[in-house]
Amino acid sequence: MAGSHGDERAWIRGAQQGSETDLESLFRHHWPRAYRAAYLVVHDSAAAEDIAQEAFLAAVRSLDRFDRRRPFGPWLHRIVVNRAIDWSRARALRREVGEGALAVVAASDRPENPQSQNLASALAELSPEHRAVIVLRHLLEYTPGEIAELLGLPRGTVNSRLRRGLDELAHQVEEDTR
Amino acid sequence: MNWHEPAPGESEAGQRTWRVVREAFTERLPAPRKVNWRPLAAAAVGVALLAAAFTPPGHAVLGSIREAVQGEKNAKPALSSLPSPGTRLLVNSAQGAWVVQSDGSKRLLGGYSNSSWSPHGLYLAAVQGDELRAIEPNGTRRWSIGRAGRLLAPRWSYDGFRIAYFSGRALRVINGDSTGDRLLTRAVQIGVSAWQPGTHTLAYVNRRGDIQIVDVDRPARHAVVRTRIAPTQLHWTPDGRTLVAVGPHVIAVFGQRGGQLRRLDRGRAFVVAASVSPDGKSLAFVETEAGRSSLQLTGIAAGPTRELLPGAGRFTNVIWAPDGRWLLLDWHSADQWLFIRSVAVKKIIAVSNIRANFGAEPSLAGWCCP
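Line order of the protein sequences matches chains A and U. Under the numbering used here, think of the first position of the first sequence as 1178, with each following residue one higher. Under the numbering used here, think of the first position of the second sequence as 32, with each following residue one higher.
Next comes chain A alone, as it looks inside the complex (with noise of 0.2 Å):
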């Protein structure tokens, strides 16, 4: 199966060697899983390329070290989720007043499905925190062990996350729909 464990060793391998193909093999398995993280988090597509664009250079810079048998994902995912946290705090932080007027260049598009829409603007409106661990069990299917290692938490802490987190996304969708 593409992008088995497996393979990624292989990729990883490759590209620890030199091998461009094998870099992008890996780059293109685990760019839209990585972009679409950041992208739920933050609400913001230059953002979102922004954020992953940088874990992956991270990951770059740290090839030679990095350990085959560990696998690529949640070492990838742990910065994305924690950078577009981060950034989505400070951003909350910053606003200014009519800088939600400005227009975003780069990447301006938006979801032709109405239902991906509702979804993204329903998730908009939970806290970064509980963004963040929607996104990682449901998008990006961790556990929430998993997650609990993930971010630095107790996994009581992630599981009353969660929970609050879905009661509020599907009262949202709700009035969305309604």
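Everything labelled a hint here was simulated from the structure, so no lab data went into it. Note that the Cβ used here is the ideal one computed from N, Cα and C, for glycine as well. Be a bit skeptical, because a hint or two may be false.
Here are the in silico distance ranges between beta carbons for each label pair [what the hints assert, rightly or not]:
hint, chain 1, residue 1, chain 2, residue 2, range
1, A, R1190, U, R259, 25 to 35 Å
2, A, S1304, U, P335, 19 to 29 Å
3, U, R53, A, A1267, 47 to 57 Å
4, U, R337, A, E1197, 12 to 22 Å
5, U, A333, A, A1301, 43 to 53 Å
Position chain U relative to chain A; hints supplied.
Okay, now just chain U, sitting in the frame of chain A:
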């Protein structure tokens, strides 16, 4: 809930990011060209060594490479001519603005600071006290306007019809004939702006550190390029399609729609200055780290980054000649300028005693004109 549908911009962002990642990957590898560069350079020096025995300019090549740590020993004591005929150099110093002709003759426009060329070198925009002035290279004043607050960094648009400048904490714009002075914004980081060639569109850095791009004649039309590189310099390519943002440790290249086309992460090195070649294809930049400096060259859109010249102390600026055949490097610590022939470093002409000749705090303001 469908989590598996692409997010907005996912595909385009992926394409852009792959180019950036591939570039970083290429640079991380012991690139064959870089490895081969040193022997080639050594060979070039060898040839130059022979040339040095027969031709006076050859001395400069030899000296520059050999004495890269302490400055060029065979440097000329003063600037006797510019290597590109018909061009002029503008230098700011504590004494004022110096206009240097291609035959090496120079005129001091005393008391001026922050001077910059108009597009065809017919005028200078410069600051004297609390006035912004348009002056001819012979010192004749065409107009002046007084403004409160420290005046900084006047820049002419490429058609010469607008000048952007900083007054106190504000970015202002005035027409090239001194009319229509107006406030553009106060939400700006002081000193960083760049006109997009062929337009009245100005890029500057807003208070949040993002790049704002505004048509100054229609300020409502604006766009924001979000970035976290904290730009200290902005440069457009001559075709106006690409914007180069220089941050303390990162150089980022943005396309017309704001997408990042390239990112050069320079690690701990501090990027001091950068200059886009007249053909828009290459970027020369200087960086410093741990008491050493280095002149680097890379492609705007892609390509390896290679070191053209290392040296001890501080390199503070680099600019291209209008014809793109020479680079002028300001080696501040050695009190020298190095004229470097093209990217192949076929020849280096070193000039020393810059401070003695131009006064304290000399800085290169422009090499005119295309």
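Margin query: Please check whether A/R1190 and U/R259 have a Cβ separation lying inside 25 to 35 Å.
Written below: At roughly 32 Å between Cβ atoms, U/R259 and A/R1190 fall inside 25 to 35 Å, so the hint holds.
Next item on the list: Could you check the hint for me, namely that U/A333 and A/A1301 are 43 to 53 Å apart, CB to CB?
Entry: 35 Å, violated
Check: Using the C-beta atoms of U/R337 and A/E1197, is the stated range 12 to 22 Å upheld?
Finding: Because 19 Å falls inside the window, the suggested range holds.
Checklist line | Range hint compliance [Cβ, U/R53 to A/A1267, 47 to 57 Å] | finding: With Cβ atoms ~29 Å apart, the hint is violated.
Next item on the list: Hint says 19 to 29 Å; check whether the CB-CB distance for A/S1304 and U/P335 agrees.
Entry: Check failed, 44 Å falls outside 19 to 29 Å.
The structure fails to meet hints 2, 3 and 5 from the earlier list, while all remaining hints are met.
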